[in-house]
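Visitor: Given next are the chains, with one letter for each unit.
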Amino acid sequence: MPQPIPEIAYPSPRLILMRRTQAHTGFLIGAAVLLVISATALLAPVLAPFDPYHQDLSRRMLGPVWHESGSWKHPLGTDNLGRDYLSRLIYGARISLLIGSAAMLISGLIGTTIGVAAGYFGGRVDMVVGFLITARLSMPVVLVALAVVALIGGSLNVIIWVLGLLIWDRFAVVMRASTQQLREIDYVNAAKAIGCSTLRILGSEILPNVLNNLIVVATLEIAHAILLEAALSFLGMGVQPPLPSWGLMVAEGKEFMLFSPWVIVIPGTALSLMVLAINLIGDGIRDITAPEGRA
Amino acid sequence: MLAYSVKRLLLAALVAVTVSFMSFMLLKLTGDPAAALAGESATEAQIAFVREQYGLDKPLLVQYVNWIARALQGDFGESPYFKQPVSAIITGRLGVTLTLGGCALVFAILLAIPMGVLAAVRPNSWIDRLALTISVLGQAMPSFFFGLALIIVFGVMLRVLPISGSDTWRHFILPSIALGYYATPAFMRLTRSGMIEVLASDYIRTARAKGLRTGSVLFKHALRNAIIPVVSLAAVQFGFMLGGSLIIETVFAINGVGFLGYQSIARSDLPMVQAIVLMVSMFYVVLTFCADLLNAFLDPRIRVH
Amino acid sequence: MAPWIQRSLSAVLVVLVVAAIVATPAMAGKKNDTLTFTWSKELETLDRYYNTAREGMIVSRHICDDLLYRDPVAMAYKPLLAKSYQWIDPKTLEFELRQGITFHNGEPFDADDVVFTINYVTNPDNKVLVQQNVDWMERAEKKGPFTVRIHLKKEFPAALEYLSGNVPIYPNEYYAKEGPKGFGLKPVGTGPYKVVEVEQSKRIVFKKNETYFKESPKGQPSIGTIVQRTIPEMTSQIAELMTGGVDWIYMVPPDQFENLAKVPGITAVSGEDMRIAFLQMDAAKRCGETPFAKLEVRRAVNHAIDRAAIAKNLVGGASRVIDTACFPTQFGCDQNVMKYDYNPAKARELLAKAGYPEGFETDIYGYRDRTYLEAIVGYLREVGIKANLKFMQYSALRDKTYADQTPFFKMTWGSYGMNDMSAITGHYFKFEKVDFVRDAQVRDWLIEGDTSVDPAVRKAAYAKALKRIAEQAYWTPLFSYVANYAFTQDLDFTPHVDAVPRFFLAKWK
Numbered sequence: 001m002p003q004p005i006p007e008i009a010y011p012s013p014r015l016i017l018m019r020r021t022q023a024h025t026g027f028l029i030g031a032a033v034l035l036v037i038s039a040t041a042l043l044a045p046v047l048a049p050f051d052p053y054h055q056d057l058s059r060r061m062l063g064p065v066w067h068e069s070g071s072w073k074h075p076l077g078t079d080n081l082g083r084d085y086l087s088r089l090i091y092g093a094r095i096s097l098l099i100g101s102a103a104m105l106i107s108g109l110i111g112t113t114i115g116v117a118a119g120y121f122g123g124r125v126d127m128v129v130g131f132l133i134t135a136r137l138s139m140p141v142v143l144v145a146l147a148v149v150a151l152i153g154g155s156l157n158v159i160i161w162v163l164g165l166l167i168w169d170r171f172a173v174v175m176r177a178s179t180q181q182l183r184e185i186d187y188v189n190a191a192k193a194i195g196c197s198t199l200r201i202l203g204s205e206i207l208p209n210v211l212n213n214l215i216v217v218a219t220l221e222i223a224h225a226i227l228l229e230a231a232l233s234f235l236g237m238g239v240q241p242p243l244p245s246w247g248l249m250v251a252e253g254k255e256f257m258l259f260s261p262w263v264i265v266i267p268g269t270a271l272s273l274m275v276l277a278i279n280l281i282g283d284g285i286r287d288i289t290a291p292e293g294r295a
Numbered sequence: 001m002l003a004y005s006v007k008r009l010l011l012a013a014l015v016a017v018t019v020s021f022m023s024f025m026l027l028k029l030t031g032d033p034a035a036a037l038a039g040e041s042a043t044e045a046q047i048a049f050v051r052e053q054y055g056l057d058k059p060l061l062v063q064y065v066n067w068i069a070r071a072l073q074g075d076f077g078e079s080p081y082f083k084q085p086v087s088a089i090i091t092g093r094l095g096v097t098l099t100l101g102g103c104a105l106v107f108a109i110l111l112a113i114p115m116g117v118l119a120a121v122r123p124n125s126w127i128d129r130l131a132l133t134i135s136v137l138g139q140a141m142p143s144f145f146f147g148l149a150l151i152i153v154f155g156v157m158l159r160v161l162p163i164s165g166s167d168t169w170r171h172f173i174l175p176s177i178a179l180g181y182y183a184t185p186a187f188m189r190l191t192r193s194g195m196i197e198v199l200a201s202d203y204i205r206t207a208r209a210k211g212l213r214t215g216s217v218l219f220k221h222a223l224r225n226a227i228i229p230v231v232s233l234a235a236v237q238f239g240f241m242l243g244g245s246l247i248i249e250t251v252f253a254i255n256g257v258g259f260l261g262y263q264s265i266a267r268s269d270l271p272m273v274q275a276i277v278l279m280v281s282m283f284y285v286v287l288t289f290c291a292d293l294l295n296a297f298l299d300p301r302i303r304v305h
Numbered sequence: 001m002a003p004w005i006q007r008s009l010s011a012v013l014v015v016l017v018v019a020a021i022v023a024t025p026a027m028a029g030k031k032n033d034t035l036t037f038t039w040s041k042e043l044e045t046l047d048r049y050y051n052t053a054r055e056g057m058i059v060s061r062h063i064c065d066d067l068l069y070r071d072p073v074a075m076a077y078k079p080l081l082a083k084s085y086q087w088i089d090p091k092t093l094e095f096e097l098r099q100g101i102t103f104h105n106g107e108p109f110d111a112d113d114v115v116f117t118i119n120y121v122t123n124p125d126n127k128v129l130v131q132q133n134v135d136w137m138e139r140a141e142k143k144g145p146f147t148v149r150i151h152l153k154k155e156f157p158a159a160l161e162y163l164s165g166n167v168p169i170y171p172n173e174y175y176a177k178e179g180p181k182g183f184g185l186k187p188v189g190t191g192p193y194k195v196v197e198v199e200q201s202k203r204i205v206f207k208k209n210e211t212y213f214k215e216s217p218k219g220q221p222s223i224g225t226i227v228q229r230t231i232p233e234m235t236s237q238i239a240e241l242m243t244g245g246v247d248w249i250y251m252v253p254p255d256q257f258e259n260l261a262k263v264p265g266i267t268a269v270s271g272e273d274m275r276i277a278f279l280q281m282d283a284a285k286r287c288g289e290t291p292f293a294k295l296e297v298r299r300a301v302n303h304a305i306d307r308a309a310i311a312k313n314l315v316g317g318a319s320r321v322i323d324t325a326c327f328p329t330q331f332g333c334d335q336n337v338m339k340y341d342y343n344p345a346k347a348r349e350l351l352a353k354a355g356y357p358e359g360f361e362t363d364i365y366g367y368r369d370r371t372y373l374e375a376i377v378g379y380l381r382e383v384g385i386k387a388n389l390k391f392m393q394y395s396a397l398r399d400k401t402y403a404d405q406t407p408f409f410k411m412t413w414g415s416y417g418m419n420d421m422s423a424i425t426g427h428y429f430k431f432e433k434v435d436f437v438r439d440a441q442v443r444d445w446l447i448e449g450d451t452s453v454d455p456a457v458r459k460a461a462y463a464k465a466l467k468r469i470a471e472q473a474y475w476t477p478l479f480s481y482v483a484n485y486a487f488t489q490d491l492d493f494t495p496h497v498d499a500v501p502r503f504f505l506a507k508w509k
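Protein chains in written order, with this note's numbering: chain A, 1 to 295; chain B, 1 to 305; chain C, 1 to 509.
Treat each hint with caution, since some may be false.
With a straight-line Cα cutoff of 27 Å, these simulated DSSO-like cross-link-like pairs (lysine-lysine) come out [to be verified]:
(1) C:509 x C:31
(2) C:78 x C:207
(3) C:464 x C:433
(4) B:83 x C:202
(5) C:433 x B:83
(6) C:430 x C:386
(7) C:154 x C:83
(8) B:83 x C:177
(9) C:186 x C:202
(10) C:181 x C:294
(11) C:30 x C:202
(12) C:181 x B:83
(13) C:202 x C:177
(14) C:218 x C:186
(15) C:507 x C:262
(16) C:400 x B:83
(17) C:127 x B:83
(18) C:207 x C:507
(19) C:214 x C:142
(20) C:459 x C:153
(21) C:186 x B:83
(22) C:186 x C:285
(23) B:83 x C:41
(24) A:73 x C:400
No lab work stands behind these hints: they were computed from the structure.
Since we're looking at a predicted model, the values are computed, not measured.
Sequences are here, hints too, so could you generate the full structure?
Guide: Now the structure itself:
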């Protein structure tokens with residue numbers, strides 16, 4: 001924590017946040033990495049040197065530039081169908097970010113709604129929600145997701161919905177706890193006393209005050225969804241080829257990993273890096289907004 | 001304590017019923033289960049016979065009750081792929097998965113508790129940072145990628161460990177590390193925060209003031225108290241591991257329940273998938289129930305709520 | 001750092017390191033006369049008649065004997081369980097059986113076993129999965145304690161081929177007691193190896209049959225113990241071979257094959273395989289109205305895929321482009337048919353003519369070799385056909401196919417190693433469940449070829465059928481597979497063209 005500078009006696013809250021942010025190395029690194037990945041994903045058509053779908057069987061399994069069989073034409077080499085690996089990696093970032101954010105939005109909506117309801121109303125509502133959370137936690141996510149995807153067929157939309165419907169538990173748990181703390185606080189009681197409607201209290205008093213926690217959980221859940229998508233794709237029941245998903249790239253490269261390890265190391269590292277960055281941001285936001293909360 | 005236990009038991013039972021209903025509905029998702037059970041070349045009459053035999057012409061709720069009644073007796077029907085009882089095949093593979101889960105848990109605890117204690121004793125030291133790095137990486141690296149990396153390094157480059165199968169205890173080393181690693185961050189954080197809390201408490205300070213050696217204080221007094229929540233976390237994590245072992249079993253070609261589940265999904269062996277989903281869920285329900293009771297037993301404050 | 005923590009940490013480390021290094025793996029191999037081989041399939045049953053997999057055939061040929069045996073090199077038929085055989089008339093075969101042979105469980109072998117087996121598998125109520133191997137037989141009849149007649153439904157020139165490797169003889173008393181379920185877990189035969197241990201879909205342990213009959217044309221088994229391990233991933237199989245965990249693997253992909261050939265201590269051998277890959281299209285409208293009912297669309301698919309590039313770059317080795325609905329060396333497989341070159345422009349033109357100027361979207365199903373499927377999807381994409389890959393296990397795909405849910409799918413067929421065209425076309429074009437063509441004209445020509453005993457008549461009829469199949473583009477025949485084997489250099493193993501390993505012929509060097 002930086003020492004307050006003596007000249008400014010009362011730093012504004014915004015300034016405090018700024019300072020904390022600037023001093024938080026983890027957050028800065030995470031933000032920088034994610035910024036680069038997001039920019040790459042957005043600018044994929046400009047940045048990618050080749051069409052990620054174009055196959056050329058006569059130029060397959062070329063090594064990356066640092067390998068003896070590599071060249072600058074394909075900086076990360078080509079895959080087993082002769083597609084440019086760098087281009088597929090760049091387009092793959094889009095898929096991961098899209099699935100992560102979309103699944104997070106769905107699960108966030110579900111989890112926040114029932115979590116806030118449980119925390120605010122308590123009693124029976126709280127019991128039902130507690131029960132729902134326990135039931136959800138007891139179902140093995142990967143197994144259930146695999147089974148559902150296998151039964152209704154895998155596609156981008158299906159993956160997003162299946163993940164969104166499965167991973168709302170952390171939202172619900174955190175929102176319930178945060179709302180419970182707020183419920184008995186004076187200004188909420190005051191709002192109740194002056195006859196504000198429940199919806200209004202939830203919208204203008206509760207939500208803004210749990211927003212920090214919500215953002216933290218949201219970032220962590222993006223990372224969670226990305227990892228699950230990668231696992232499903234790795235098992236062949238996620239995104240379907242020829243879409244370039246990083247998990248799928250690891251799965252396709254697995255066959256070659258003994259003699260050409262880079263084919264799994266490149267997408268695997270990219271995946272780890274992206275999830276790491278998102279987690280660092282999530283942890284960073286938590287530390288910055290509530291420094292006393294670090295366990 | 002009794003009232004608390006009964007309440008928890010009721011909740012667990014309710015969850016069990018809900019989850020079993022959902023795995024029951026899984027088979028319904030695919031269309032006519034009678035046709036699926038009768039086999040691909042069955043005639044209309046044979047399908048009708050199966051429908052009656054299995055009570056598939058009855059209302060959904062009756063069917064569910066019948067199914068669960070049979071399931072409670074260990075009868076999950078016959079696998080259309082193996083043409084053998086589902087329960088026999090699953091029991092044949094359960095041992096491997098439980099062994100893997102157990103080994104992974106032991107690995108996670110052996111790694112996490114010393115690290116957690118050290119991190120608490122020396123906050124912001126290199127060991128605290130190492131602990132943080134391990135847990136941050138553990139959350140970021142996909143388990144299948146970590147598993148494959150272990151195979152390349154220890155199995156192929158160094159050639160010191162077997163990389164597939166489950167024939168000897170050595171076969172379990174790499175998959176246990178790959179599976180257990182993902183549980184370490186949770187254990188480490190819990191141990192660390194528990195230790196920090198306990199170390200700051202009055203009786204530890206008293207013990208130190210009395211001149212007890214640091215090691216003895218840490219081990220006999222502080223850790224013993226800090227470890228209470230770790231025990232119940234272990235139960236919950238074990239439940240998660242049984243579900244998560246699917247990926248690790250696939251990567252390491254271990255013929256356990258998780259891999260069986262994955263293969264069964266791929267070959268549309270639905271009675272098998274149903275039984276496995278139900279079984280893994282039930283394990284979790286039972287384990288969390290035990291963890292809750294254990295927590296309440298060890299920490300009387302919980303019972304009051 | 002507190003000393004006790006230091007101690008326990010280092011203890012943990014030491015235990016892990018010691019565990020990793022000191023203990024040596026249980027080595028397979030020459031030293032303990034145990035050959036460990038592997039495949040990726042989880043075999044559902046060891047009863048040959050209830051699985052369609054090549055692995056099932058491998059097991060069957062080691063533990064069971066057929067009436068006849070085809071020498072894999074000379075290709076001649078030799079009596080195996082039979083002592084001699086003769087055609088009584090074009091629809092009746094008589095066998096004189098060998099005496100003094102016993103099954104692994106001690107049950108003596110005689111005419112009753114043959115009659116029981118054949119009458120069991122030809123009975124439609126028993127729902128044998130490999131129908132095409134047995135449905136040409138009417139029934140068997142006992143003529144004496146060691147004399148049997150097989151009555152054919154109609155004239156069937158390929159009868160000897162089928163009887164030498166695809167109709168294993170089971171012990172009647174044991175099979176009647178155990179049924180397919182019991183037998184599938186603990187099979188008993190007269191063959192050169194007996195099964196001593198089965199961990200279902202994981203491990204099979206074979207022991208040499210010490211009392212295998214001396215006159216057998218299969219020869220005497222040499223290696224004492226053979227262990228089969230199921231390892232689903234090819235990568236794991238290769239790593240196990242490199243680290244000595246297994247001694248023999250097959251179906252090695254070409255890239256890894258080339259790399260393995262350079263590894264010291266490993267012999268890598270490539271052989272041709274009769275198995276061919278092809279795309280089936282729903283010309284018969286079994287799945288309702290789909291684009292594949294149109295001839296132009298089927299021809300467009302044929303033009304869209306660069307089969308030569310796949311054969312050369314992905315399959316490698318001896319793989320060749322296939323233009324017919326059969327493997328070129330098979331009897332009757334006339335190569336003089338309409339051929340489709342790789343021509344994406346023409347494919348797009350044909351699609352436009354069929355009313356799909358922008359292409360169309362479809363599902364494509366497949367069960368093995370994901371890479372090949374992805375390459376096919378890639379080629380189709382270039383001409384505007386957006387094919388969504390549905391990849392599943394064979395049994396699941398088979399069920400979907402039987403249920404009319406697969407308008408477009410990639411299949412492979414190995415003809416059970418039979419060098420006669422009827423082994424493939426008989427399965428796919430004679431209105432059976434896998435026939436998505438249902439062309440009565442083609443069927444009738446095939447029946448003519450299947451049932452005539454005059455080779456010239458057969459050839460002419462088959463040629464007509466193949467011509468029509470190609471001209472109508474009912475299939476997109478793709479390429480032939482190669483059989484890549486890699487094994488320890490201690491092993492003396494010879495691959496054969498049917499790609500069925502014969503470990504009873506293998507020995508240690």
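Visitor: Failing hints, ascending?
Guide: Going through the list in order, the structure violates hints 6, 10, 22, 24 and respects the others.
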